[in-house]
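The task is simple: from the sequences and hints, build the whole structure.
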Amino acid sequence: MDPTSEQLLWMYEKMVEIREYEETMAKVYLEGKLPPKIQKGLAFDIGGGPVPGEMHLAAGQEPVAVGVCAHLRTEDSVVGAHRPHHFAIAKNVDLNAMTAEMFGKATGLGRGKGGHMHLFDPAVKFSCSGIVGASAPQACGAALAAKKLGKDWVAIGFFGEGAANQGAFHEALNLASLWKLPVIFVCEDNKYGISVEKQDSTSIESNADRAAGYGMPGVLVETNDAVAVFRAAGEAVARARRGEGPTLIEVKTDRYLGHFQGDPETYRPKGEAQELRTHDPIPALGALLRSRDLLDDTSDASLRKAVSERIEAAYAFGRNSPYPEPSEALLHVFAD
Amino acid sequence: MTTETKVRTLTMAQAISEAVAQEMERDQRVFVMGEDVGKYGGIFSATTGLLDKFGPDRIMDTPISETGFMGAAIGAAAEGLRPISELMFVDFFGVCFDQIYNHLAKNTYMSGGNTKYPVVITTGIGGGYNDAAQHSQCLYGIFAHVPGLKVVVPSNAYDAKGLMTAAIRDDNPVVFMYHKGIMGLSWMSYYEGSTNAVPLEPYTIPFGEAKVVREGRDLTIVTLSQMVQKAVLAADKLAAEGIDVEIIDLRTLVPLDREAVLRSVAKTGRLLVADEDYLSFGLSGEIAAIVAEHLDRVKLKAPIRRLAVPDVPIPFSRPLEDFAIPQVDGIAAAVRDLMQLNLN
Numbered sequence: 001m002d003p004t005s006e007q008l009l010w011m012y013e014k015m016v017e018i019r020e021y022e023e024t025m026a027k028v029y030l031e032g033k034l035p036p037k038i039q040k041g042l043a044f045d046i047g048g049g050p051v052p053g054e055m056h057l058a059a060g061q062e063p064v065a066v067g068v069c070a071h072l073r074t075e076d077s078v079v080g081a082h083r084p085h086h087f088a089i090a091k092n093v094d095l096n097a098m099t100a101e102m103f104g105k106a107t108g109l110g111r112g113k114g115g116h117m118h119l120f121d122p123a124v125k126f127s128c129s130g131i132v133g134a135s136a137p138q139a140c141g142a143a144l145a146a147k148k149l150g151k152d153w154v155a156i157g158f159f160g161e162g163a164a165n166q167g168a169f170h171e172a173l174n175l176a177s178l179w180k181l182p183v184i185f186v187c188e189d190n191k192y193g194i195s196v197e198k199q200d201s202t203s204i205e206s207n208a209d210r211a212a213g214y215g216m217p218g219v220l221v222e223t224n225d226a227v228a229v230f231r232a233a234g235e236a237v238a239r240a241r242r243g244e245g246p247t248l249i250e251v252k253t254d255r256y257l258g259h260f261q262g263d264p265e266t267y268r269p270k271g272e273a274q275e276l277r278t279h280d281p282i283p284a285l286g287a288l289l290r291s292r293d294l295l296d297d298t299s300d301a302s303l304r305k306a307v308s309e310r311i312e313a314a315y316a317f318g319r320n321s322p323y324p325e326p327s328e329a330l331l332h333v334f335a336d
Numbered sequence: 001m002t003t004e005t006k007v008r009t010l011t012m013a014q015a016i017s018e019a020v021a022q023e024m025e026r027d028q029r030v031f032v033m034g035e036d037v038g039k040y041g042g043i044f045s046a047t048t049g050l051l052d053k054f055g056p057d058r059i060m061d062t063p064i065s066e067t068g069f070m071g072a073a074i075g076a077a078a079e080g081l082r083p084i085s086e087l088m089f090v091d092f093f094g095v096c097f098d099q100i101y102n103h104l105a106k107n108t109y110m111s112g113g114n115t116k117y118p119v120v121i122t123t124g125i126g127g128g129y130n131d132a133a134q135h136s137q138c139l140y141g142i143f144a145h146v147p148g149l150k151v152v153v154p155s156n157a158y159d160a161k162g163l164m165t166a167a168i169r170d171d172n173p174v175v176f177m178y179h180k181g182i183m184g185l186s187w188m189s190y191y192e193g194s195t196n197a198v199p200l201e202p203y204t205i206p207f208g209e210a211k212v213v214r215e216g217r218d219l220t221i222v223t224l225s226q227m228v229q230k231a232v233l234a235a236d237k238l239a240a241e242g243i244d245v246e247i248i249d250l251r252t253l254v255p256l257d258r259e260a261v262l263r264s265v266a267k268t269g270r271l272l273v274a275d276e277d278y279l280s281f282g283l284s285g286e287i288a289a290i291v292a293e294h295l296d297r298v299k300l301k302a303p304i305r306r307l308a309v310p311d312v313p314i315p316f317s318r319p320l321e322d323f324a325i326p327q328v329d330g331i332a333a334a335v336r337d338l339m340q341l342n343l344n
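Chains W and E, in that order, give the protein sequences.
Numbering-wise (the UniProt record's numbering), the first sequence opens with residue 1 and increments by one.
Numbering-wise (the UniProt record's numbering), the second sequence opens with residue 1 and increments by one.
Hints may contain errors.
As the list claims (entries may be wrong) - Simulated crosslink set (DSBU-like; lysine-lysine; CA at most 35 Å straight-line): (1) K147/W to K53/E; (2) K180/W to K116/E; (3) K237/E to K148/W; (4) K116/E to K147/W; (5) K301/E to K180/W; (6) K151/W to K53/E; (7) K151/W to K39/E; (8) K116/E to K151/W; (9) K148/W to K53/E; (10) K267/E to K147/W.
Unchecked claim - Footprint (simulated), chain E over chain W, 3 or more residues, beta carbon under 8 Å: (11) 60–73; (12) 85–96; (13) 191–204.
As the list claims (entries may be wrong) - Derived, one-sided and incomplete: chain W residues facing chain E with beta-carbon distance under 8 Å: (14) F120; (15) P122; (16) L175; (17) S177; (18) L330; (19) L331; (20) A335.
Read the hints as simulated data drawn from the structure, not as lab findings.
It should be emphasised that the depicted structure is a prediction, and the values quoted were computed from it without experimental measurement.
Where a beta carbon is used, it is the ideal one built from N, C-alpha and C, also for glycine.
In C-alpha cells, the structure reads:
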C-alpha cells in the first residue's frame, strides 16, 4: 500500500514539525542548566531551568512515528515509550498542553504531574511510560478492549530495541497472538539501549525474527524512510482491523542525539551522529514530494512557516502558563 | 413495592463470586481475567460458576504471564472497560509489580486526573496451612504503601460481598485481598466466623469504614482479615477471665479509618495490633504511629503492643509456622500482659 499525495504531505509536515519541536526543545532545555552554577562544581543542573528533569529527544526517528500514525484514527490507541514526542505529535496530541506539561505548568496534559516521559491525552488516546518495555502489555489491553467492544480500532505499542529483551515484550506478544488482538508492536531499533549497542545486548540481528516464536508476522523495515514504514504499517493495521491479529515491526532508525540531553555520548564513535545526519529522512521525503510536484520552494516555505508558528505558540503557551498551586501535589491520586 | 431480602449463609468465596456475577450482569464492561479463573473457578474459588454463566469471552483464563495480563488490564481500563484481574497468590506479584506500582497506581496522578483505571486486582493472602515462604505471605503493607491503590482485606463473607461490589463500581484501582484460610474452601481448615449471613441483593460497603466487631472497655485490638476471627476467639477466652476486649476490623487499608482506631483507643486506653503481615515497616507500625501522633487526644494506660510476623519468611514446618504467625493463644497472652502494664 503506497501513501496518497495527501498522506505523503501529511507525513512530511509532521516530520518537519517533530524535528523543529525537538530542536527547539534541545535549546530551551539547556536554559538555566549551564553555568553560573559551574562554580559550585556543577557543569549541568538537570533540575534547573524552565524544563527540568530528564529529556529524551527523538531527532532522526520521525519516520517511525509518522509512517505508523498515518494509518491511525483518533479512536486508535498509541502507547509510547520514554522518548515519546514524535509519537505524540504524530498522534495529534495537543501541542500546547504537551509543551506546558514539560514546563510543569497547570495547563499541561497532566497539570504538571507527569512531565515529558508521562504524557496522557485521552482525547486522542495517547499515553506513554518511562519504563522500558511497559508499553506492549498495555497496548494489548487497549486492543482487547477494541475487540470486546466490537470496534475495528487498533492499538500500537511503540518501544525501543532494548525493550525487546524485557519479559513484558515477550508476554505481550504471546498474549496478543493467543487472543488475536488488533495490536501492532513497533520496535524502533536506533542501535543503542542508552549506551549499549544492540549487538552487545541482543542475541539476534533482527527483533522481527522473534515474531515467528509467537506465530505472528514479523516485518523488518531496513531503511529509515517514512514511506517504507508506511507500507509495513499499512499492511499490519489493515490485518489488525480485519481481525487477523497482531504484527511485529522493527524499523532500523537513527538516533541523532544522546540517550538524554546532556549525555556525553562517550560510548559513541566520533562523528557517528554527524554521519547519520547525511541520510536525513526529512529532506529525502521532501525530494520525493518535489519529484512528484507535490512540493516546491514556495509551498515548502509556507508549510515550514505554519509549523514554526504552531511550535512558537506551543512554547509560548508552555512558558507563559501558570504553575500549579503547590498544594495541587495532593490532588489526583485517585480519580474521584 | 417491597423487595424481599433473602439472607443465606455463604462462605467468603461464594460471596465474592456472587458479587462479581451480579456486577457482571449489571454492567457489560466488567470482565474477569486471570490464571485458572475459568473451568477451575479460581484456585481459591473466587470465580466458581462464573464461566458457566458468562462464557469464555468474559471469564478469561490467561497464560501464566502476569506482566502481560496485568498490563492488559490497565490498557483495557483506559478504554473504559472494568477488568477484574486475578493473580492467585500475592506472593507472585513480584513478576508484574512494575505494571501495578509504576503504571496502574500512578497514571491517574501523572495525568493530572485525566485518566482512570477501574481495575480490581484479586489475590489470595496468608498462611496457616504449611505452604512455606513463597505461598503464605500477606504483603498488604506493600500495596498500601504505594499511593494510588485502594487496598481491601475483608474478614468475612458479608463484608467481602459488599466490599467487592464497591470495588468493582470504584473508578480507581482496587487490590482485593482475601485470606485463603477464611474463604470456606472444602480442602482447607478455616474459621467459622468468616462464613455468615449474606443478602442476595447487591449492596456496597463503603471503603474507609472500619467495623467494631466486638465492643469492650479494657483494651482495643486493631486487626483485619483472618486475624479478626482469631481475635474474636481470644476475646471470648479473655471475657471468661474478666477482660473486656474491643475489636476493630479495619476492612480496608486504603482508605484507612484512622478515626475508628483513635475513638476506640481513646475509650479503652490500651492498644494491641494483631497482624499477619511482617512486623517491621508495615501495618502494625502504621497503626501504632497513628495513635502516637494523637497522644494529645488519646490517653494511654499502657504501652502499645504489636503482634505480627517477626520479620522472618513464613516457615514450612507446622510448629515453626504456628510460632511465626500470631495465633489465638498468642493474642490472648499479649492482652493479658498489656493488662498488667501501667503507664505513669
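Now the hints, each set against the structure:
1. Straight-line distance between C-alpha atoms of K147/W and K53/E comes to about 20 Å, which keeps the hinted pair within the 35 Å bound.
2. Pair hint K180/W plus K116/E holds up; C-alpha atoms about 26 Å apart against a cutoff of 35 Å.
3. In summary, the hint linking K237/E to K148/W is not supported, as the alpha carbons are separated by about 54 Å, beyond the 35 Å threshold.
4. Among the hinted pairs, K116/E with K147/W is consistent with the structure: their alpha-carbon atoms are about 20 Å apart, no more than 35 Å.
5. At most 35 Å may separate the alpha-carbon atoms for a hinted pair to count; K301/E and K180/W exceed this at roughly 64 Å.
6. For the suggested pair K151/W and K53/E, the alpha carbons sit about 24 Å apart, so the restraint of at most 35 Å is met.
7. Restraint check for K151/W and K39/E: satisfied, since their Cα atoms lie roughly 28 Å apart, inside the 35 Å limit.
8. For the suggested pair K116/E and K151/W, the alpha carbons sit about 21 Å apart, so the restraint of at most 35 Å is met.
9. Distance hint between K148/W and K53/E is fulfilled; the C-alpha atoms sit about 17 Å from each other, no more than 35 Å.
10. Taking the CA atoms of K267/E and K147/W, the gap is near 56 Å; set against the 35 Å cutoff, the hint is violated.
11. With a cut-off of 8 Å between beta carbons, the stretch 60–73 of chain W has 0 residues touching chain E; three or more are needed, and the interface restraint is violated.
12. A count of 0 residues in the stretch 85–96 of chain W with a Cβ less than 8 Å from any Cβ of chain E is obtained; the coverage claim is therefore unmet, three being the minimum.
13. Note: the stretch 191–204 of chain W has 0 residues with beta-carbon separation from chain E under 8 Å; the three-residue rule is not met and the coverage is violated.
14. This hint holds: F120/W has a C-beta 4 Å from the nearest C-beta of chain E, less than the 8 Å allowed.
15. Hint status for P122/W: holds, given a least beta-carbon distance of 6 Å to chain E, under 8 Å.
16. Look at L175/W: its Cβ gets to within about 4 Å of chain E, closer than 8 Å, so that hint holds up.
17. For the restraint placing S177/W at the interface with chain E, the shortest Cβ-Cβ distance is roughly 10 Å, beyond the 8 Å limit, so the hint is violated.
18. Hint on L330/W is violated. Least Cβ distance to chain E is approximately 10 Å, over the 8 Å limit.
19. Of the supplied interface hints, the one on L331/W holds, with its beta-carbon coming within about 7 Å of a beta-carbon of chain E, less than 8 Å.
20. Checking A335/W against chain E: minimum C-beta separation of about 4 Å stays under 8 Å; hint holds.
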